[in-house]
Each structure stands twice: as structure tokens, then as C-alpha cells.
Amino acid sequence: MRWLRRNLVGIIGILVLVYLFVPIAVVIALSFNKPAGKFNISWNQFSADAWTNLCGVPGVCSSFVTSIQIGIISTLIATVMGTLIAFALVRYRFRGRSTTNLLIFLPMATPEVVMGSSLLALFLNLRFPLGAVTVAIAHIMFIISFVVVTVKARLQGMDPRLEEAARDLYASPRATFRYVTFPLVLPGIIGAALLGFSLSFDDFIISFFNAGTLVTFPIFIWGAAQRGIPPQVNALATIVFLAALAIVLIAQVVSYRRRRALQGA
Amino acid sequence: MGARPVEDLHLVSLTKAFGDMVAVDDLTLTIPAGSFFALLGASGCGKTTTLRMIAGLEDPTSGSIRIGEQDVTGLKAYRRPVNTVFQSYALFPHLDIFENVAFGLRRRRVKNIKPKVNAMLELVQLGPMARRKPSQLSGGQQQRVAVARALINEPDVLLLDEPLGALDLKLRRQMQIELKRIQTEVGTTFVHVTHDQEEAMTMADTVAVMNAGRIEQLGHPAEIYELPRSAFVANFLGQSNLIEGQRQDDGDMVTVVAHGVAFRLLRSRNAAAGGSVIVGVRPEKITVVDAADAARVPDGHNQVAGTVTDVSYSGVSTQYLIRARWGQELIVFEQNVIVGDRCDVGDEVVMHWAPEHSFGLDGSQDVYAGVEPAVLELEAAQ
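Respectively, the protein sequence lines represent chains A and B. For the first sequence, position 247 (counting from the first letter as 1) is numbered 228 according to the working numbering, and the numbering increases by one without interruption. Take any residue in the second sequence, note its place counting from 1, add 45, and you have its number in the working numbering.
Treat the hints with caution; some may be incorrect.
No more than 25 Å apart at the CA atoms, straight line, and that leaves these computed lysine to aspartate or glutamate pairs for DMTMM-like [as the list claims (entries may be wrong)]:
no.	chain 1	residue 1	chain 2	residue 2
1	B	K121	A	D183
2	B	K161	A	E93
3	B	K178	A	E144
4	B	K121	B	D71
5	B	K161	B	D71
6	B	K178	A	D30
Stretch-level coverage of chain B by chain A, calculated; a stretch enters the list once three of its residues show a Cβ under 8 Å from a Cβ in chain A [what the hints assert, rightly or not]:
no.	region
7	118 to 130
8	133 to 144
9	147 to 161
Because the hints were derived from the structure by calculation, they are not lab data. Idealized CB from N, CA, C, for every residue including glycine.
Kindly produce the complete structure, drawing on both the sequences and the hints.
What follows is the structure in C-alpha cells.
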């Protein structure tokens, strides 16, 4: 009893971690399964087929590539636009500034079902052909909000004296931006872009409404789920998971090194 | 360094208003080339605004700024031959020390930067730190980087905005001497903004005491300290005993009667034009004797009888608070050179000082102008 009391926090901690990681472990494990029937649900037999023949199932790789392409393009556009909006909102006083501040939050607050169906209605009314372009437009729309919020926070946290110091040291407005403001805001922009990409890659509801005949990776999985998800999907999901893990680890290592360098001083 | 002749800095009728609030009010001032000039004042007196206008970071509402014959009033900050050491330094956190110092030279596309930066880092004794980031340096080191980063551009005027404010007391003393050494070495005009009167007096050749957007008094530190011309200066720069009275008669000396006591002061040391005069005397000019020894007071000295209410011993000197008959408490500093008894609380004493040490101020002023608010609260509580 006493033992339990002393270790309660640790036990709960481990249980929560199990809760978080079991689903991921299942996904990874099943990527090495050879399904007995249609559904890749219960463990049958070890096989590396899904890994050696990653694109073995028609449509799986092309949908994966489509999602990555749409993710990159919409993230790029949204990051550029969102960064510019954040600068405008922080640096300039203009009519409608506070309204804009409020409206920027709207896409984040709107339920995706509502946004997806409204966009579909809009595109249909405009007789705009559904496909990669409409999906990208939709993604850019909701990524922008996240970029604006992140970059704005970074800009507001910046010491205004740094830019004054640059001006004092013969930097024209352009040079001040290039050598001081931009490098200082860059970490915020990169963070916003990574978040934007993962939101885009992950999005199902809004994409589904506006994709037409286009098949993104989430749409492919949803379709496949009706007939039985091939282990290749698990393998690709594992790759995405590992990539995300790598990014987090790199960030950790970099900040650890930086901290150690500081302490060494 | 210093190949170019440095030139005087002229501020002419400089005014800056933020809405209804006038921060700097019709300021006219010439700062001689190569001098170490201190703008001293409490926060909100307009000293930082003045500095920012000289730097070009703030546009004056009216008036002009000239360096030698060149009018720089309309010149953008990045085109002015003026550099600033910012309060809390504003070093670029993403650049190392070398690049911080090289920043100004790079923006002006100066060739062969490396030896210049290294020489400058040597001047401020930071040679080995070139590749560190600002956050890896101590406060004192960061301060020296800020000075190096500004000085390397060989500005006509170097502006220092409370440069030592973020440092602890001991380091501050050290940096005061260090800054003075650097200034002597490079010969550039330094304009130093501070609220610390001791810092201003120890470092600067000329001190300007600012209050409410105007300069109250300007001169060599000793000159201002010995002969303040307003109650604000008397209280803000060091401490003063100020006694309100009425002018009686004018012979060689001006006699002022206050609370039934006559005080004498030199005509040349009286700034009051009218009949009501504030008589002032610095605390260290007063000598205290026991009431029984009142006969030992030299002839012609001003004297006030009182009771000791507080004694605080601080090593070099002892500070007494002595209540005069009319209730006002006077401060006296006494050097601890006398062997034997000091006065105790409750002792009846006589304070006296030579007439040459009195100064007269215009009686229409508030005798508490320039006293630190904390001190006023203490007095009110007593």
C-alpha cells in the first residue's frame, strides 16, 4: 500500500504514456503484418512486403505524393502571406486593424465541416473546377491564420531597440529588415510553416469537400478503410511519424547545444 | 582614430511635444567638441528624448541640430555621424560579438574590417570573446561591446543612454573609470544621459541638470555643486539644507532673517532678486559644536542651535539630523577625523558655517523641488 502511494505519480505517468503511444505502436507493428483476410486488423504473420513494395497498392503512393505537393505549395504561399499580414498588423496603424485582427482568428474557430461545405458551395457557384487548386486554396486559407498568430507573437516579443540600434548603425530600413528583423523573426516563421504543413497534410474534412476527383493521402485512407487498409498505408504513416520525430529531435539537439554553450561561458 | 577634426554639437531651440505633453522645451545648448557632457535629470525630464533627437530616432517638433556647420535635423538616423550606446545595450542576439561590432562598418561597406574590429575589441579588452554570442557575456562585458559597436564607426558624437543603469554598484564604479579612459583615448564627444548625480559628477567635464524639459543649470560639476542656482539643482545634485527667509539689509553681505535667526551670505552667491530668499548650505560645510562650547564659534559665522535627532555612522563620515528650534531638520555630514566623542541623539548643539558657504535662491521656489520622493515620504511619516 505504502509502495503504491509512493509511486503513484510514476505509475500514472507511465499509464498516460502507454495511452499515448500504444496506437502509434500498433500502426507501426501492423506495417509488418501479412493480413490474413481483407482487413489488416489482427496479427497474422511477419512480413516486410509493405516496406519492400511500398507503392504496391494502386493509388497509395500517388495520393501520398499529392498530399505532400499540396502541403508544400499551400504552406509556402500561406507562410509568405501570413508573415506579411503579421508585419502589417504589428507595425502599422490603419483603419480596420483591430477588425482584421479578429477576422484572422475566424478560420481557426469555424468548424471544419462548415468551412468545407461553404467553400464547396462557393466553388460550385463560381463553376470553378474542383481539384488540386481548390484544395490548395482551402488549405492556404486556414494555414494563414496559424502563421499570422505565430509570427505576430514573435514580432511583438522583439525588443524595438534592436531595430533602432540597427538604424543608428547605418542600416537603411531595407538593411535593418534584412540583417536584424528578419533573422530574429525567422524561427517563428519556420515554426509556423512546419505547423502549417502538418495541418495541410493531415486535413481530411475540408479537403474531402473540395477535392473533386483528386485523391489526397487522408482521402485515400478513408476510401481504403471501407475495403480494408493495406499495410502500405501503415508503412507510409510510420515514415511520416519518423520524419516528425526526426524534426523534433533535431530541434532538441540544437537547443541543447546552444544551452550548453551558454553555460560553458 | 580621430583623423577627422571633431566638431561642436549645437542644439538650437530644440522642442519636442508628444500631444499636449512638452518633453523638451526650447532647448539651446552647445556641446564642445571632445568634451564629456552629462545630461542629468530625473526620469521624464526630457533627457532621453533629447538624446534620441540627436541620434535621429525622434524628430523634433521644432528647432534644429547642427554638428559643426552641418545641419543634421532632417537627416535619417542611419545617415548621421552619431552613434548610440543604448540602455540595456540592444546587442543583436543572433550575431556574435565580432559581427555586432562590425555591423556599422559592414553597412557602410568599409573595406578590410577585420583588423579594425580586432583593434576595437582590444580597446575594450574583449579580444578573446570575438566569437561568443551576446547572451554568453556578463553585463559588464555586454556594456563594453555596446561601446565598441558604437565607437568603431568613429562618430562625431557618441551618445550614452543610461549606459551603466543595468550594472551593480561595484561594476558601475569600474565602468565609470573605464568609460572615462576610453573617452580620453579616442577624444570623441561623449553625451551621457543619466539620473545618477554621482555618476554625472565623477565622469563629465560639464553637467547639465535638466528638469521638466529645460536645463536648470549647466557647468563644471564642482561649480554647480558649490553654487546651485535653483532649489531643484540644490536638492537633486547632492543634498542641501534650504531655509526660507526674508532679506533684511544689503551691505557687503546680504542678510536674510529666517525664524528669527539672521544668516549672512555673499552678494555674488545670491540668486534671488526679490525680498524672499531661500538660504542654502551643503551638509558637509556645517560644523557641529556642543551648546556649551557656543563661544568657540568663529565671529561672523552663521549659526543655528538645535537638538540631535539622528546619528548614522558610515565609516568615512557621520551623518547627523539636527532639529532647529523652528522644527526643521538639517542634515550635517562630519568627517570622522576627530578622535573622541561624537554627538549623541538628544544632545543640544550649535551648527555653524562660514558665510562664504551659504548660497541664496529665489524664495518663490518649492524648497522640496528635486528631493527624491522616497525621502519626502520618510519625512512626512516622521
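Hints, verified against the model:
1. For the suggested pair K121 (chain B) and D183 (chain A), the alpha carbons sit about 49 Å apart, so the restraint of at most 25 Å is broken.
2. Of the supplied pair hints, the one linking K161 (chain B) and E93 (chain A) is violated, its CA atoms being roughly 59 Å apart against a limit of 25 Å.
3. For the suggested pair K178 (chain B) and E144 (chain A), the alpha carbons sit about 18 Å apart, so the restraint of at most 25 Å is met.
4. Proximity of K121 (chain B) to D71 (chain B) is assessed by CA-CA distance (about 22 Å); at most 25 Å being required, the pair is judged to hold.
5. Straight-line distance between C-alpha atoms of K161 (chain B) and D71 (chain B) comes to about 40 Å, which puts the hinted pair past the 25 Å bound.
6. For the hint pairing K178 (chain B) with D30 (chain A), the CA-to-CA distance comes to about 51 Å; that exceeds 25 Å, so the pair is violated.
7. Here's how the region 118 to 130 of chain B fares: 7 of its residues keep a CB closer than 8 Å to some CB of chain A, so the rule of at least three is met and the hint holds.
8. Only residues whose beta carbon comes within less than 8 Å of a beta carbon in chain A count, and the region 133 to 144 of chain B has 6; three or more means the coverage holds.
9. Residues of the region 147 to 161 of chain B lying with their CB closer than 8 Å to a CB of chain A number 4, which satisfies the three-residue condition for coverage.
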